[in-house]
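Taken in sequence, the protein lines are chains A and B. Residues in the first sequence are numbered from 3 upward in steps of one, following the working numbering. Residues in the second sequence are numbered from -9 upward in steps of one, following the working numbering.
Because the hints were derived from the structure by calculation, they are not lab data. For each residue, glycine too, the CB sits at the ideal point set by N, CA and C. There's no promise every hint is true.
Now the in silico label distances, taken between C-beta atoms and shown as ranges [as the list claims (entries may be wrong)]:
{"id": "1", "chain 1": "B", "residue 1": "His(-7)", "chain 2": "A", "residue 2": "Arg50", "range": "48 to 54 Å"}
{"id": "2", "chain 1": "B", "residue 1": "Ser483", "chain 2": "A", "residue 2": "Ser9", "range": "40 to 46 Å"}
{"id": "3", "chain 1": "B", "residue 1": "Val202", "chain 2": "A", "residue 2": "Ala64", "range": "33 to 39 Å"}
{"id": "4", "chain 1": "A", "residue 1": "Gln72", "chain 2": "B", "residue 2": "Met(-9)", "range": "28 to 34 Å"}
To give a feel for the contact side, a few chain B residues facing chain A, derived at Cβ under 10 Å [unchecked claim]:
{"id": "5", "residue": "Gly143"}
{"id": "6", "residue": "Leu157"}
{"id": "7", "residue": "Leu167"}
{"id": "8", "residue": "Ile170"}
A few chain B residues that don't get close to chain A, going by computed Cβ distances all over 10 Å [stated by the list, open to error]:
{"id": "9", "residue": "Leu(-3)"}
{"id": "10", "residue": "Ile138"}
{"id": "11", "residue": "Val153"}
{"id": "12", "residue": "Arg185"}
{"id": "13", "residue": "Glu258"}
{"id": "14", "residue": "Gly400"}
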Amino acid sequence: MELLVASAIGVMTASGVYLILRLRAFPVILGLSMLTYAVNTFLFVTGRLVINRPPVLSPEAAGYTDPLPQALVLTAIVISFGMTAVTVMMALGAFLETGDDRIETVGDRPDGGPDGGPDGGPEDAR
Amino acid sequence: MSHWIILPVVLPAMLAPLIVLGMRHDLLLQRVASVAGTLGLGAIAAHLLWRASVLGPEAYLLGNWPAPFGIVLVNDRLAALMLALAAVLALIVVLYAIGSGWDRRGRHFHALFQFQLMGVNGAFLTGDAFNLFVFFEILLIASYGLMIHAGGGARLKAGVQYVAYNLAGSTLFLFALGTIYAVTGTLNMADLAVRMAELPPGEAALARVACVLLIIVFAVKGALVPFQFWLPATYALAPGPVAALFAIMTKVGAYAVLRFGTLVYPPEVAATGGIIAQMLLPGAVLTLVVGMVGVLGARTLGRMAAYAAIGSMGTLFLAIAPFEPRASAAALYYMVHSTLAAGCLFLVVDLIAARRGDDALGSDRAPIAQGGLIGAFYFAAAVAVAGMPPLSGFVGKLLVLDALRAEPFGMWLWAAILGTSLIAIMGLGRAGSLVFWKPHGAAAEAHPAHAPAQPLALAALGAGLGLIVALTLMAGPVTGWLGATAAEIHTPSIYIGAVLGPAGG
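My request is simple: use the sequences and hints to build the entire structure.
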């Protein structure tokens, strides 16, 4: 159980980090979503892994699971959902305004020109 | 329990939806409401400042739930100071935005502006670490909207970068909070301070991991090298008044480092010890160097101002890093100064860019309209940013240098601060002569381009520079008050007693 949860969090974080290092907006957004899944699972288990226990007081319960992380996860899910929506809208806006969905801005390119570097680098093969 | 403490959050939180829903089609009404709200915030902040100085720290229990279980807001001297600083900067910025017409170039400027203030104020007031995350998200989501205000391809692209970077930062924040909760079982900052001090040695490793993660998150907000990459493009491409308002956002990161470093992770805690100082100090020196070299190397005025903001964060973090009262007092003085100075520099740059057509540094233009006055403003803002006498940047740097004298490697820190100041003076001087002097030689026969005088924008900027002058003149009483503030934050038992009650500490 511990191994399953821990490796799931690890794999999701790793794929999220890999994806946000891509140069196109779409993989970056996917990567951010992946990271939020990882962190939500992580938050969920910070109250320790407890199975089949009630979170609130009950007379016949043998033990309890911690309810607070579950409340925190709910907040985190709502916020990350809203943030993902905002990111998608902004990325879409940038794509429609400029015609490509590269992440880097004009000022970041070494020559400072309007569109440095030829299209069709390895980052196009997504 | 005083309800004044929650007003800085409630007022903008009520006003912003009102502006969106009720005044959507009436810009004049929006402007009146926004200015009135910001003035109200200033009045509330002044009252809270008075309360914190006279009555000491006070806790506000939301829903009247007792402290470690419910969410608390805490008004102490540090929080009140930051609230007042945010309100003053916001007033200057909102007046400038109205005077320069920036709020007309897109929709919902004033509503987003108020939401941003709500997030900033909440972050300063909250006494709960998870609540701090929530307020960070509020101020960020509003800042995303403000950043791309008025649109444009380059701005939207920079906005996407900014959002992606900060979302990754937020995820890290959640990881840090989860680890903290797993180790200590609480997220209330005062309760956290108590439990960190009593932490069993076996838990120390996880506590250190949480501490480092948290400081990295605050370093992202505070643009500490190597986490500063989001800042130059964002600040340079954001609308001028928005960039000026963002000057308070990096200070939120500095505030959080100062708060956690003195309350939750003071150097006396065995588990973390001086780990924050060890991370901050080299980062701060690098930030200083990167920022000021960036000022010299920037090819546009916007980037120059952005790098100047990074450099000032370097000085600020240098003063925070020792975590001792005298250095913290110097850091607070420099924080007030650098917020106002960076805000003014962004506004001057915006005035220049509006008159030149863009903000590229070059001498092949006609002299700008109102060049004399704007040149004087630029000169004053540059003097303040570089930390030259006679303005408060000089006093601030002097205090920081004095506080760092006793530190190990103190002389090297002096060399870093003084050397980078020289680089900044060169960079700012070069930009000033390119913009204001060279055009007169190269294109003396060309008529200055026509531009409306925008008296309100110029007055708002003048008021900001006036405040810097006032801060210089009042340096004695201000540093006295800030010394008491630093003494208060370095005695965590005062804060803990206010939140958990006398028995809790």
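Here's how the hints hold up against the structure:
For histidine -7 (chain B) and arginine 50 (chain A), the hinted distance range of 48 to 54 Å is not satisfied, since their beta carbons lie about 38 Å from each other. Here the CB-CB span from serine 483 (chain B) to serine 9 (chain A) is close to 43 Å, well matched to the stated 40 to 46 Å. Evaluation of the 33 to 39 Å hint for valine 202 (chain B) and alanine 64 (chain A) yields a pass: the beta carbon distance comes to about 37 Å. In this structure, glutamine 72 (chain A) and methionine -9 (chain B) meet the distance hint of 28 to 34 Å, their C-beta atoms being roughly 29 Å apart.
At its closest, the beta carbon of glycine 143 (chain B) sits 4 Å from a beta carbon of chain A; the interface hint therefore holds under the 10 Å criterion. Among the interface hints, the one on leucine 157 (chain B) holds; its C-beta lies about 5 Å from the nearest C-beta in chain A, closer than the 10 Å criterion. The beta carbon of leucine 167 (chain B) is positioned within 10 Å of a beta carbon in chain A (closest approach about 8 Å), and the interface hint is therefore held. Using the Cβ-Cβ criterion of 10 Å, the hint placing isoleucine 170 (chain B) at the interface with chain A is satisfied: the shortest such distance is roughly 9 Å.
Every CB of chain A is more than 10 Å from the CB of leucine -3 (chain B) (nearest about 23 Å), matching its label as outside the interface. At roughly 6 Å, the least C-beta separation between isoleucine 138 (chain B) and chain A is not larger than 10 Å, which violates its mark as non-interface. Its beta-carbon lying about 5 Å from the closest one in chain A, valine 153 (chain B) breaks the requirement of being farther than 10 Å from that chain. Annotated as non-interface, arginine 185 (chain B) keeps its C-beta farther than 10 Å from every C-beta of chain A; the closest such distance is 15 Å.
Residue placement check: glutamate 258 (chain B) keeps its beta carbon more than 10 Å from all beta carbons of chain A (closest about 26 Å). No Cβ of chain A comes within 10 Å of the Cβ of glycine 400 (chain B); the nearest lies about 37 Å off, and the non-interface call holds.
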